[in-house]
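Colleague: The primary structure of each chain is shown beneath.
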Amino acid sequence: MDFGYQINPSSAVNLDQVDRRRYDALVRLSPDAATCMGCGSCSATCTSSAWSGMSVRKVLLGLQRGRDAEVNRMLSACMLCGKCTMVCPRGINTRQLILTLCRLDKNGEVVR
Amino acid sequence: MRERFANGFDPFVIPFLIGMAFVLGYCIVAMIRVYFQLPKPDRKRFLVSLVTPRTAWKNIKDIFLNCLIHVKLWKRNKVLGYMHSSIAFGWFMIIVLGHLEVMLFVPERIHLFYYPIFFNYFVAETEQTLPGSLLMFLMDFFLLIILSGIVLAIIKRFASRIVGMRRTTRLSLMDRVGLYSLWAIFPLRLLAESFTAHISGGSFLTIPANWIFRQFLGNDLHALPTWWAYSIALCVFMCVLPFTRYMHIPAEMLLIPMRNAGIKIRHPRKGFALLEVYSCPACGVCIDACPMGVRKANCKDATVYLNRQLRRGNERRIAEISDKCLLCGKCSAVCQVGVEGPELRVAQRERRKYALTPDYGMIDAASLSQHLSDLPFCGPETAPVEGSVLYFAGCMTHLTPAIRRATTSLLDKAGLSWKMMDPDGGLCCGRPLMMAGRSETAQELIKKNVEIIRASGCNTLLLSCPICYKVFKEEYPLQGIRVVHHSVFFQELIAAGKLQVQHEDGLRLVWHDPCELGRGCGIYEQPRQALSAAADLVEAGRHHAESICCGGSLGSLSLGFEQRRPMTQNALKDLTVADPDQIVTGCPLCLATFSRYADRPVHDIAEILDGRS
Amino acid sequence: MVNRQPVISIIGAGIAGLEAARQLSALGYKPVLIEKAPVVGGHVAEWNRLFPDMSPSEDLTGPLRAQTAGVRTLLNTEVASINRLKDEYNLILSDGSSLLCQAVLFATGFHLFDASKKEEYGYGIYDRVITNRDLEAWFNHKDDRRIDHPKAVGFVHCVGSRDVKAGNAQCSKVCCITAIKEAIEIKEEFPDAEVYCFYMDLRLFGKKYEDFYIKAQRDYGIHFIRGRVSEVGEAVDGRVVVKAEDTLNGKPIKVTLDLLVLMAGIVCNPDAQHYAREIGVAVDDDGFLKSRNNVDAITESSRPGVFFAGSCTGAKTVPETLAEARSAALAIHQYLNKPR
Numbered sequence: 001m002d003f004g005y006q007i008n009p010s011s012a013v014n015l016d017q018v019d020r021r022r023y024d025a026l027v028r029l030s031p032d033a034a035t036c037m038g039c040g041s042c043s044a045t046c047t048s049s050a051w052s053g054m055s056v057r058k059v060l061l062g063l064q065r066g067r068d069a070e071v072n073r074m075l076s077a078c079m080l081c082g083k084c085t086m087v088c089p090r091g092i093n094t095r096q097l098i099l100t101l102c103r104l105d106k107n108g109e110v111v112r
Numbered sequence: 001m002r003e004r005f006a007n008g009f010d011p012f013v014i015p016f017l018i019g020m021a022f023v024l025g026y027c028i029v030a031m032i033r034v035y036f037q038l039p040k041p042d043r044k045r046f047l048v049s050l051v052t053p054r055t056a057w058k059n060i061k062d063i064f065l066n067c068l069i070h071v072k073l074w075k076r077n078k079v080l081g082y083m084h085s086s087i088a089f090g091w092f093m094i095i096v097l098g099h100l101e102v103m104l105f106v107p108e109r110i111h112l113f114y115y116p117i118f119f120n121y122f123v124a125e126t127e128q129t130l131p132g133s134l135l136m137f138l139m140d141f142f143l144l145i146i147l148s149g150i151v152l153a154i155i156k157r158f159a160s161r162i163v164g165m166r167r168t169t170r171l172s173l174m175d176r177v178g179l180y181s182l183w184a185i186f187p188l189r190l191l192a193e194s195f196t197a198h199i200s201g202g203s204f205l206t207i208p209a210n211w212i213f214r215q216f217l218g219n220d221l222h223a224l225p226t227w228w229a230y231s232i233a234l235c236v237f238m239c240v241l242p243f244t245r246y247m248h249i250p251a252e253m254l255l256i257p258m259r260n261a262g263i264k265i266r267h268p269r270k271g272f273a274l275l276e277v278y279s280c281p282a283c284g285v286c287i288d289a290c291p292m293g294v295r296k297a298n299c300k301d302a303t304v305y306l307n308r309q310l311r312r313g314n315e316r317r318i319a320e321i322s323d324k325c326l327l328c329g330k331c332s333a334v335c336q337v338g339v340e341g342p343e344l345r346v347a348q349r350e351r352r353k354y355a356l357t358p359d360y361g362m363i364d365a366a367s368l369s370q371h372l373s374d375l376p377f378c379g380p381e382t383a384p385v386e387g388s389v390l391y392f393a394g395c396m397t398h399l400t401p402a403i404r405r406a407t408t409s410l411l412d413k414a415g416l417s418w419k420m421m422d423p424d425g426g427l428c429c430g431r432p433l434m435m436a437g438r439s440e441t442a443q444e445l446i447k448k449n450v451e452i453i454r455a456s457g458c459n460t461l462l463l464s465c466p467i468c469y470k471v472f473k474e475e476y477p478l479q480g481i482r483v484v485h486h487s488v489f490f491q492e493l494i495a496a497g498k499l500q501v502q503h504e505d506g507l508r509l510v511w512h513d514p515c516e517l518g519r520g521c522g523i524y525e526q527p528r529q530a531l532s533a534a535a536d537l538v539e540a541g542r543h544h545a546e547s548i549c550c551g552g553s554l555g556s557l558s559l560g561f562e563q564r565r566p567m568t569q570n571a572l573k574d575l576t577v578a579d580p581d582q583i584v585t586g587c588p589l590c591l592a593t594f595s596r597y598a599d600r601p602v603h604d605i606a607e608i609l610d611g612r613s
Numbered sequence: 001m002v003n004r005q006p007v008i009s010i011i012g013a014g015i016a017g018l019e020a021a022r023q024l025s026a027l028g029y030k031p032v033l034i035e036k037a038p039v040v041g042g043h044v045a046e047w048n049r050l051f052p053d054m055s056p057s058e059d060l061t062g063p064l065r066a067q068t069a070g071v072r073t074l075l076n077t078e079v080a081s082i083n084r085l086k087d088e089y090n091l092i093l094s095d096g097s098s099l100l101c102q103a104v105l106f107a108t109g110f111h112l113f114d115a116s117k118k119e120e121y122g123y124g125i126y127d128r129v130i131t132n133r134d135l136e137a138w139f140n141h142k143d144d145r146r147i148d149h150p151k152a153v154g155f156v157h158c159v160g161s162r163d164v165k166a167g168n169a170q171c172s173k174v175c176c177i178t179a180i181k182e183a184i185e186i187k188e189e190f191p192d193a194e195v196y197c198f199y200m201d202l203r204l205f206g207k208k209y210e211d212f213y214i215k216a217q218r219d220y221g222i223h224f225i226r227g228r229v230s231e232v233g234e235a236v237d238g239r240v241v242v243k244a245e246d247t248l249n250g251k252p253i254k255v256t257l258d259l260l261v262l263m264a265g266i267v268c269n270p271d272a273q274h275y276a277r278e279i280g281v282a283v284d285d286d287g288f289l290k291s292r293n294n295v296d297a298i299t300e301s302s303r304p305g306v307f308f309a310g311s312c313t314g315a316k317t318v319p320e321t322l323a324e325a326r327s328a329a330l331a332i333h334q335y336l337n338k339p340r
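The listed protein sequences correspond, in order, to chains U, Y and B. Residue 29 in our numbering sits at position 29 of the first sequence; the count goes up by one each step and never skips. Residue 233 in our numbering sits at position 233 of the second sequence; the count goes up by one each step and never skips. Residue 240 in our numbering sits at position 240 of the third sequence; the count goes up by one each step and never skips.
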């Protein structure tokens, strides 16, 4: 839709253009990733978040909103301590989710 | 005594010779290969250990006790122990006695490989001398022992419960060929020797058998074919041996000296790891031991199947089995040959490729160290002194505030000066990364944590989490600082009279040995001693090295929450066989996991001690 | 009316049981109420005021009690076991007597989730962590040394609800509105206290609920933070430190509180599951009893002659429970008058 003006186009997420291959591959490999309800327990408890802003919730959201750079930055700060797995009310195996994501390239293929 | 054939040869020995040549050649090549796959320092260490009298003697002792007598198996299951040692030791004795006979009666034939094996075919009437009859007797005796073992083996194969195994290994096709040829060897030998016993002589087994057969067999025409069959069975067994689980026989003889030399797994598929894989006799003891086996679907993920898939190179299954394991270490604890299931799996995990590499550059250890040194001490002293305690709660303990509270309270009661390393959360110890196969990345965390610990000035590092404890103890360069688990620390304080604990009569507690603390670090007795000061102790069905993992382990990468539930419930069932009032453990992860499904209170050891001091 | 006076036993004399007994009496039946507690009224009798009208719970339970005074009520009595006979059920009671009845109504209600099971929230460890039940008791009796002029109060929604780890994946339905009600009441008691509600989703579906929310925001200045509390620590002065993520802002937050109220969720009464299994009545995978269907037969079980009312089939509000009790009474009436 053309409003005749634009407000900083880069900050709006255009879902039509988001590349969700990595997210789709993740959900295929660990289906419980799709059940996140965004409660933020993982972010609040995260050992690494104080330094990196790491948050499994944001990783999952970021993947679905095309924020790949941010997602990768967060993922690389994870220490795999497992606290997020402990607190997740949906019982998502977040450690597996993170390890799976770290194995996917930007096309959603498992690196070999 | 007389030799029946002047040339000392008959074509029926050819199959045996072929098999022998093949298996010897194969094993020698394989041994050389394994040796050269070791990293250079390991090779040197191995050679040195072979000529060091102490290790050399230990090698001989271990090979004799483990490969032939199967001492470890005896301790675990007497029937299985008898079955294995009867076959292994009996066979060994028959070979030794065969050589003795040759040396005694026809020393000029000792260079003929097959002579000791087929002695009774080539040499006659040896039982008429005293040493001859004694040897003949021993030969029959050990043959009988072996045959009794074979009978047990057949029973085990078709009804494993009778010999005390709930489950036994599903055999591959090659294993079946090997198994049936092994089963055939000794009955055939008995038949062959019996058929020739009236010519060559025999003892209490072969002579009566010979008499019976002669009642209805008119001539000796069947004797030679039976010797042929015996030789062929030996040939088949030896030719398939490298491709079956029986490869464990030669492999273990190399594994034992290498392990005694202190060699560890350095490569997931080569050298020592390869040797461990081939040393697996596929006995299946690990199937029953595995805590995942509660769900039948997980039985195929036991270490015995990991070894099989590693031999086959089935990458999909290797990855699946490696990722699923809880790394509780129970398979290693019960393994007869000492295959290190968890270490093998972690090695496979380390092999994995990642698109993203962790980077902890943003963590400023210097400011964390500063923050920690600024933190005031609790207790009598204001500055670090000899005996100041640094308490690292660790990630998981932050989710179990009762542990943290009881631990700090006990430190106060003991009048110690202490501070907490991570009051608002700290860095991870690195062990979860190592378990996931990312030890190189873990080193980065280790470096940062060491800097912080050193900055505190304390010389005791207290851990309430066994996962942390293990890695701090084993991987951290912390010379001059004592790393101690709180269960041990408090036991010492109680023993030294610095903590007074009231005994509550009638309260029955059961101690759950956490995997990382018990099998991981060998700490079994101190927590029990500490708890005995507070209440009466009962034991779980399985305890010490056989304790069952709570199912919450960080070791497993792929087990989901619901899949772990039956494991936890099974562990709880075993913990409560003596109907204790409370369950006590020393690991925040075990505590959180058990609390979920337990029908009675679950506490950390610190809570129990704090509540009664 | 049927020839013989049929016996209807109602297990549980909470508001569902009482209301059903009242309706059945009005229809001319003589129901029997079986209550394991020494008093009738159930959970609601322990509550102080009810949303959305803020009416005292006594206004509901008082008249209910009075109008069922004539009903045969067995207090301090538990059902030891139930046997299914042909067209009838035989209840063995804890006093050793037995009761043969033509219809059984489960009004067994719910259990409040045991908040100490979520150890990370520190209930039973920290003095300043209480539950919704503790707070209602304080509203009633005003004696709880844990509540002493708090300056900062937090409410944690969904404790043991929507939580697979706690064994309850389902929503407890009433905690959101209860938390807002209690937050307002705290604010009325301690006007200068800061009050925070930590929620995952605010589910304010009922009549007037949204008005409550607006009132809480506008008139009472209650802070709503969208984020589930992950852990509760202790500050040096003994106050509790709550950690959560402010998910709307995407930043972790931390707040030090004098009082933390855990909104313990609703789980099925384990007794009800036990009885149900005895007579082959289906239990749903959420642990609650399974209705014949969840659209037009909520009060009917999979067995003829067994009926449900109230929160034995899932979390219910008070008006829903009362409506179901009436509906169950009618269903029983129809069942007993069906030509056989």
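Everything labelled a hint here was simulated from the structure, so no lab data went into it. Everything numeric in this text was worked out from a predicted model, so none of it was measured. Careful: at least some of the hints might be erroneous.
[Said to hold, decoys possible] DSSO-like cross-link-like pairs, simulated, lysine-lysine; straight-line CA separation at most 27 angstroms:
hint : chain 1 : residue 1 : chain 2 : residue 2
1    : Y       : Lys413    : Y       : Lys324
2    : B       : Lys165    : Y       : Lys573
3    : B       : Lys86     : Y       : Lys296
4    : Y       : Lys448    : B       : Lys254
5    : Y       : Lys324    : B       : Lys165
6    : Y       : Lys573    : B       : Lys338
7    : Y       : Lys72     : Y       : Lys40
8    : Y       : Lys58     : U       : Lys106
9    : Y       : Lys353    : Y       : Lys413
10   : Y       : Lys448    : Y       : Lys473
11   : Y       : Lys448    : B       : Lys165
12   : B       : Lys290    : B       : Lys86
13   : B       : Lys165    : B       : Lys207
14   : B       : Lys290    : B       : Lys165
Colleague: Confirm or reject each hint.
Modeller: Quick rundown of the hints versus the structure:
Proposed proximity of Lys413/Y and Lys324/Y is contradicted: the alpha carbons are some 43 angstroms apart, above 27 angstroms. Proximity of Lys165/B to Lys573/Y is assessed by CA-CA distance (about 20 angstroms); at most 27 angstroms being required, the pair is judged to hold. About 40 angstroms separates the Cα atoms of Lys86/B and Lys296/Y, which puts this hinted pair outside 27 angstroms; it is violated. Straight-line distance between C-alpha atoms of Lys448/Y and Lys254/B comes to about 25 angstroms, which keeps the hinted pair within the 27 angstroms bound.
Under the criterion of a C-alpha separation no larger than 27 angstroms, the hint pairing Lys324/Y with Lys165/B is consistent with the structure, at around 20 angstroms. In summary, the hint linking Lys573/Y to Lys338/B is not supported, as the alpha carbons are separated by about 49 angstroms, beyond the 27 angstroms threshold. Only pairs whose Cα atoms come within 27 angstroms are accepted, and Lys72/Y paired with Lys40/Y is rejected, the gap being roughly 32 angstroms. For the hint linking Lys58/Y to Lys106/U, the alpha-carbon distance of about 54 angstroms lies beyond 27 angstroms, and the restraint is violated.
With a C-alpha separation of about 50 angstroms, the suggested pairing of Lys353/Y with Lys413/Y is violated against the 27 angstroms cut-off. Between Lys448/Y and Lys473/Y the CA atoms are separated by roughly 16 angstroms; this keeps the pair inside 27 angstroms, and the hint holds. Distance restraint check for Lys448/Y and Lys165/B: the Cα-Cα separation of roughly 33 angstroms exceeds the 27 angstroms cut-off, and the hinted pair is therefore not satisfied. With a C-alpha separation of about 22 angstroms, the suggested pairing of Lys290/B with Lys86/B holds against the 27 angstroms cut-off.
A hinted pair counts as satisfied when its Cα atoms are at most 27 angstroms apart, and Lys165/B with Lys207/B does not qualify at roughly 32 angstroms. For the proposed pair Lys290/B and Lys165/B, the alpha carbon gap of about 22 angstroms is at most 27 angstroms, so the pair holds.
When held up to the earlier numbered hints, the structure conflicts with 1, 3, 6, 7, 8, 9, 11 and 13 and fits the remainder.
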